[in-house]
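There are 2 protein chains.
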Amino acid sequence: MESEPTRVMVAVNESTLKGYPHASISSKKAFEWTLKKIVRSNTSGFKLLLLHVQVQDEDGFDDMDSIYASPDDFRQMRERNKAKGLHLLEFFVKKCHEIGVGCEAWIRKGDPTEVICHEVRRLRPDFLVVGSRGLGPFQKVFVGTVSEFCVKHAECPVITIKRSAEESPQDPADD
Amino acid sequence: MESEPTRVMVAVNESTLKGYPHASISSKKAFEWTLKKIVRSNTSGFKLLLLHVQVQDEDGFDDMDSIYASPDDFRQMRERNKAKGLHLLEFFVKKCHEIGVGCEAWIRKGDPTEVICHEVRRLRPDFLVVGSRGLGPFQKVFVGTVSEFCVKHAECPVITIKRSAEESPQDPADD
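Chains A and B are the protein sequences, given in the same order. If you count by full-length UniProt numbering, then the first sequence holds residues 1 to 175, one letter each, in order. If you count by full-length UniProt numbering, then the second sequence holds residues 1 to 175, one letter each, in order.
In short, the hints are calculated from the structure, not lab data. These numbers come from a predicted model, not from an experiment. Certain hints may be false.
It does not matter which identical chain is meant; a pair holds if it fits inside one copy or across any two.
[As the list claims (entries may be wrong)] Only pairs whose alpha carbons sit at most 25 Å apart, straight line, appear in this in silico PhoX-like list of lysine-lysine:
#: 1; residue 1: K95; residue 2: K152
#: 2; residue 1: K84; residue 2: K152
#: 3; residue 1: K162; residue 2: K82
#: 4; residue 1: K29; residue 2: K152
#: 5; residue 1: K152; residue 2: K94
#: 6; residue 1: K47; residue 2: K29
#: 7; residue 1: K162; residue 2: K47
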């Protein structure tokens, strides 16, 4: 009876808080908000497209103590990054399976703003959900915000979900 | 079993195209998009809060041929405006009843940007849907956009639904 499921792209990323691949506070919030407020009990009516963009520079310098002395060290780093990305997606995919909502998940490398807008053009989701740290104008000068860029440039409707004040870490630029 | 319905505020306004109180192309689009892509068959899971903001100056000069020669003329004008607003809301409320989704609708007067943000603070919807003409930066200089203001200032998540190119009237500032 129902038409094709509504396709919701959700951009997810790793937390900046720990060395371990936990989801960022804001992307976890955006994901949970989507399930609670949009999908609700209508699990067959929606399909989540979970996009994780790995920022290469940041990942490369994640372990400041590492010494890169041979091509093997770089290969190991790449494998470690890949494992972290997969671990992150597993977290979201597992949640989708638990509640029975269809999903697809994939990893891309590059600048999150460009990659997200590119993937929107490629996959034409019905809308895009992005988390936001909810930074003030002064804080934004230093860190930039992926969500604002997407609202302006993504070729589909975009909904930005802000972290609540209680969820914010001590340094609000962290996530 | 399910928690409280998701409360979706939808800002609706009259078309600039006719003297008759038709809904604007973009607010109709935003409303229909919400039903098709978000509510879907889960009509008990959502409640629509339909807000119509009447812009007083525009309404007052709607009939350029009218002559206001007595207090009665102004009273009649106010009654005509009220009737137009009610007629507009009736269109949306009727659609909600046809498909069985709960709704509330009301009219406020004033500047749409301020009134919408005020009503968001007052009623705390889960998110706000606003239509947009999808104007380019050059066109926007002259007409301003309610949707951009709401995205920045409303104290809840906001999703902007653009008119498609085929739906746009000859003058894209019209709606």
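Structure-based check of all given hints:
For a Cα distance limit of 25 Å, the shortest separation of K95 from K152 qualifies neither inside one copy, at 30 Å, nor across copies, at 31 Å. Taking identical chains as interchangeable, the C-alpha atoms of K84 and K152 are never at most 25 Å apart, the minima being 30 Å within one chain and 34 Å between chains. For a Cα distance limit of 25 Å, the shortest separation of K162 from K82 qualifies neither inside one copy, at 28 Å, nor across copies, at 37 Å. For the identical chains of this complex, K29 and K152 are neighbours both inside a copy (21 Å) and across copies (19 Å), given an alpha-carbon limit of 25 Å.
Proximity of K152 and K94 under a CA criterion of 25 Å is satisfied in neither setting, with 31 Å inside one chain copy and 34 Å between copies. In the homo-oligomer, the alpha carbons of K47 and K29 lie at most 25 Å apart both inside one protomer (18 Å) and across protomers (22 Å), since each shortest distance falls under that limit. Taking the shortest alpha-carbon separations for K162 and K47, both the intra-copy value of 22 Å and the inter-copy value of 22 Å come in at or below 25 Å.
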